[in-house]
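Enquirer: Sequence:
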Amino acid sequence: MNTEYSEIYLSAVIGRSVINSRGEELGLLRDLIMVPGEVFPEVSHIVIKGRMGKMLLPWSEVSLFTHVVISAAGIAPPGLCAYEYREAEILVRRDLLDKQIVDVDGAKVVRVNDIKLGKLHDKLCIFSVDIGFRGLLRRLGYERFGDNVARLIKKNIPNTEISWEYVQPLEPHSSKLALNIARNQMNEIHPADLADIIEQIPIRNIKTVLENIDSETTGDTIYELEPEMRSVVIGQMDAEHASDILEEMSPDDAADVLADLSEETAQQLLGLMDDEEKEEIEELLVHEEDTAGGFMTSEFLTLPLNYTVGAAIADVRRLAGEIENVNYAYLLDDAEHLEGVLSLQDLLASKDDELVVDVMEDNIRSVNVGDDPEEILETLTRYDLTAVPVLDEDQRMVGIVTVDDVLAHYLPRLVKKRG
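Okay, so the sequence shown: first residue is 1 according to UniProt numbering, each after it adds one.
These are calculated hints, taken from the structure and not from any lab test.
Remember, it's a predicted structure, so these values are computed and weren't measured experimentally.
By construction, the Cβ of each residue, glycine as well, lies at the ideal position given by its N, Cα and C atoms.
One thing to keep in mind: the hints can contain errors.
In the PhoX-like style, the derived pairs of lysine-lysine whose C-alpha atoms are separated by at most 20 Å in a straight line are [to be verified]:
(1) K108 / K207
(2) K123 / K99
(3) K154 / K49
Beta-carbon label-pair distances, calculated as ranges [to be verified]:
(4) A335 / E263: 44 to 50 Å
(5) R204 / I19: 18 to 24 Å
(6) E288 / E165: 46 to 52 Å
(7) E38 / H67: 23 to 29 Å
(8) Q200 / G79: 37 to 43 Å
(9) R151 / I203: 40 to 46 Å
(10) L319 / D275: 19 to 25 Å
(11) E288 / R93: 34 to 40 Å
(12) P158 / E216: 58 to 64 Å
(13) R93 / Q200: 21 to 27 Å
(14) V403 / S163: 46 to 52 Å
(15) S215 / P78: 47 to 53 Å
(16) R93 / V403: 50 to 56 Å
(17) V149 / R16: 47 to 53 Å
Go ahead and model the full structure; you've got the sequences and the hints to work with.
Expert: Dropping the structure here:
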């Protein structure tokens, strides 16, 4: 097929005449049926509205496709047939136009005002989506008028288009068109940005976003959500999936999420977890929320007192992927009392054959499990620490509180005051 067209917008062809090779009108173009392609989604059929109702014409039997006229090959195209609605079918106008999408590159939710089509390997493909004011003017037929007004006021109406590779549709049907590159890039969006996206979209679309990110990123994203929204998102998942995601999170983050859920839901999810993760999280849940025990994580790096620096560095390297905070290593005795602390900088600056007890800091700053946020923040700032150990009533080390955990407690208040 030698189809003649260049890049063209959907708004320019919807409603145009579709004719046969004699110039006889078959009907008006109503929509395009799309299927996943090797690079971009491709048109498999066009939908025509004629005197006898809606008809389908295979793309292979389209000989001319322009903003003026669309022509079928032959007088009576053999593939022309009555259109039958199929639930799983993806129609560009119906499923993409005016819908919300995730701009993966810009990490935001936007609305599709128009769609740019183009030729690739003799296929008609979706190249990009127009999310700007120009796309809206084009659809309404006011693009030229808009340009004239813009020239009068010495302004430009920019083209605001997103290449399809950076698009993640949110609707159930059109999500099948999402490319692997878009799914992969969803995992690269910062969890805080993903949380903003989730809070902007309809509840029914949340599942589509979550299905395209891995469990670890999902957990981090849920933690970044407002407490009310956490319950909504957890409610979009089956219990087994939700418990798997909570297991991927650090114990303190998982405990914070569970604390925002109903008692029944929290207990159900805890019951599905492995015993080790469940026990760690339950230990954190017994503490008051706004105390060191409520802020702390039970994951921290410990070293035996008889270690050399070389052995300690090997441990740090081995455990770095499993423990969120490895800025400090803590030396405990057999009763879990804190004997010393080593920063990562101290370790790297010491000789491999030195004993850790000879280079550790034994004048240790710590907080008690019941201390309030002000006491924790004062200790962190006064002694320029990024994390502080937490001791229980028997002076055993039970966790650490990081500076970002304490700041997360205060920053929302500062933002509200500023607003």
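Enquirer: A separate judgement is required for each hint: does it hold in the structure or not?
Expert: For each hint, the structure was consulted:
no., hint, verdict
1, K108 / K207, "17 Å, holds"
2, K123 / K99, "24 Å, violated"
3, K154 / K49, "42 Å, violated"
4, A335 / E263: 44 to 50 Å, "34 Å, violated"
5, R204 / I19: 18 to 24 Å, "40 Å, violated"
6, E288 / E165: 46 to 52 Å, "48 Å, holds"
7, E38 / H67: 23 to 29 Å, "26 Å, holds"
8, Q200 / G79: 37 to 43 Å, "42 Å, holds"
9, R151 / I203: 40 to 46 Å, "44 Å, holds"
10, L319 / D275: 19 to 25 Å, "21 Å, holds"
11, E288 / R93: 34 to 40 Å, "55 Å, violated"
12, P158 / E216: 58 to 64 Å, "37 Å, violated"
13, R93 / Q200: 21 to 27 Å, "24 Å, holds"
14, V403 / S163: 46 to 52 Å, "39 Å, violated"
15, S215 / P78: 47 to 53 Å, "49 Å, holds"
16, R93 / V403: 50 to 56 Å, "51 Å, holds"
17, V149 / R16: 47 to 53 Å, "27 Å, violated"
Of the numbered hints listed earlier, those contradicted by the structure are 2, 3, 4, 5, 11, 12, 14 and 17.
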